[in-house]
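*Asks:* The lines below spell out each chain.
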Amino acid sequence: MEVVLLFVMVVGLMLIGVPIAISLGLSSTLFLLWFSDTSLASIAQTLYQAMEGHSTLLAIPFFILASTFMSTGGVARRIIRFSIACVGHLPGGLAIAGVFACMLFAALSGSSPATVVAIGSIVIAAMRQVGYSRDFAAGVICNAGTLGILIPPSIVMVVYASATDVSVGRMFLAGVFPGLLAGGMLMATILIWAIWKNLPKGEWLGWGEIAESFADAFWGLMLIVIIMVGLYGIPGVMGAIFTPTEAAAVASVWAFFVATFIYRDMGPLAREGGNLSLLRKPVALVTAFFHRDTKATLFEAGKLTVTLMFIIANALILKHVLTDEQIPQQIAAAMLDAGFGKIVFLIIVNVILLIGGQFMEPSGLILIVAPLVFPIALSLGVDPIHLGIIMVVNMEIGMITPPVGLNLFVTSGVAGMSMMRVVKAALPFLAVLFVFLIIVTYVPVLSTWLPTKVMGPEVIVK
Amino acid sequence: MSGKYEPATALGRVVNGFEETFIAVILGLMTAITFANVVIRYVFNSAAGQWVERTFSIDLPGSLIWGLELTSALFAWLVLFGMSYAVKVTAHLGVDAIINLLPHRGRRMLALIAAACCLAYGFLLMKGAWDYWAPFGGFEQTGGRWFPEGFIKTRDQGWYETEQIPMPDWLRFVEPIFNQGEHYEKLPRFIPYLMLPIGCALLMFRFIQATWELIAGKREGLIVSHEAEDAIEDVRHMNYEE
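If you read the protein sequences in the order shown, they are chains A and B. Residue numbers for the first sequence follow numbering that gives the first Met the number 0, beginning at 0 and rising by one. Residue numbers for the second sequence follow numbering that gives the first Met the number 0, beginning at 0 and rising by one.
It is worth saying that the hints were derived from the structure and are not from the lab.
So, partial list: chain B residues that the calculated Cβ filter (under 8 Å) puts toward chain A:
| hint | residue |
| --- | --- |
| 1 | GLY27 |
| 2 | PHE34 |
| 3 | MET82 |
| 4 | LEU109 |
| 5 | ASN238 |
A few chain A residues that face chain B, going by a derived Cβ cut-off under 7 Å, partial list only:
| hint | residue |
| --- | --- |
| 6 | ILE19 |
| 7 | LEU25 |
| 8 | GLN44 |
| 9 | PHE298 |
Since the model is a prediction, treat every value here as computed from it, not as a measurement. The C-beta atom is built at its ideal place from N, Cα and C for all residues, glycine as well.
My request is simple: use the sequences and hints to build the entire structure.
*Replies:* Here it is, written out as structure tokens:
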């Protein structure tokens, strides 16, 4: 079986330190040259078409850009202040507020490492100041940070939608309840733990502080409203306004506007100690577009887009191999012949993704695994949207499963702890997420109810 | 493994500045075009837009019909141009769990093997990119399946145009060169596709450079384990103890 050789080669190259994108691209190219009549020219074409021919993937650079503008310290700080005002007075309040802040930030950004860095750096320091152990703080943030890819908007969901031709809008809606449930379960666990261990609680700052901090964070949080209303409209009042790509572009323009003209943490109006008012420097309306902060943010987002899309483009070459060779159909037939049912299938998907998710960037992995398991799922009667959410949750857990989960690395960097300590610290909460995975996998209605309610029953083609 | 990239020479600074600006400008343009299209669709077609049209008897566009196609082409340019830059600053993602377990010598060996793989990839892709672009530019493809073995006769496809992107007048000088003096209605395809051979050549150049740096001992490896490495450096001071 040549395909086994192909996968061995991909994994082998990856492990010896070849960039992921090139492991995928080189293995697939060699495979195509050896075993098919595909020419190098058409491989180059696949690479170009990855960007030019997939209008769904076009949403990715814009979501990254919006989240880069939002990641300027100011927004994270305001969200954390609002979270502390809401739940800081509970036992273990600061930890719960950390989870809450991660959930809110996840709704602004589509990436887990970004969430851990933005929220974690501030919250872990604050938690240690009021007497939490560094381990507990790191464990909480490490787990809560993974919500970044589950709570919409999510880059991983965009990639899944593109790989399987389901609607991005449905995927985003499907992530809402599972995201809330995961956050709720983490918060409840902390609360019980805190009451039992008598962890510190903050003071109740009053409704005034909630209102004030909300007003402050409002402009950042409006981003969620823009995306959601734009994509789905207001039920009963108006219909959808944007395509997902347009929603992402509008969101990034909004994020630029908020960061530069309202929060003024960057751009021509930012000053050490007290930002300038636009009235005092109206020329900023023009200069903001050319300011070096704007350029730096565009560049950072561009660079991240490049590394992510280079992986995705090469994964598309691999996908091209798989479809050419009809691998998914063969595997599906083999599995059905062996008499595997839905449950065994879902367990196999779980295991593949948990292992793969440790090594690989989630979007690239989804792009390879989704076309493999999608036809099998359909013939076993698994809902495509539900399958997508299962895959995303598996990715989340893969990111915090020892030995090499990505979020573990990021947290160990942010908290200044060794990997082993982060692994131990994350373990109790990892157990919570495992329970969550089981719930999500075996209660499909959790994922499918909202999209069906808002967008009507889905039509499954193929 | 990465750290911030610092260009060493004056030329390096100029090139680096150009690369960063180019990436930023392309993404900026993509955002601006997509945003403008939304605005045009909703504002120009609204009652207010129609009032302006009637009052000043002008015709506002209903939408930028070429917006999506141009944005998609720019997206391809962004990634194809940026991939070589990412090699230069070691931003490509990879798995370093295994190589970190090895002693220095072993790590160096594997890094050199990995570099050889990258060179092979770059080489094959460069041939593919030329073969794909050549007919659109009116050049000849290379023969041979793996290695270019001379040029072969190729049908000139310089007349091939994009679907919607208008042809700007200042680009008309290409007509006698690529289209036998014939008029282009829309932007010819060889222009957006041009970034494919250029990007792949740049990628190959950066791979050769990186391999050389590995051999000379100026570079540790080719990959970074996650996208947030720089950002972690920035917040490092907040939770570290002296």
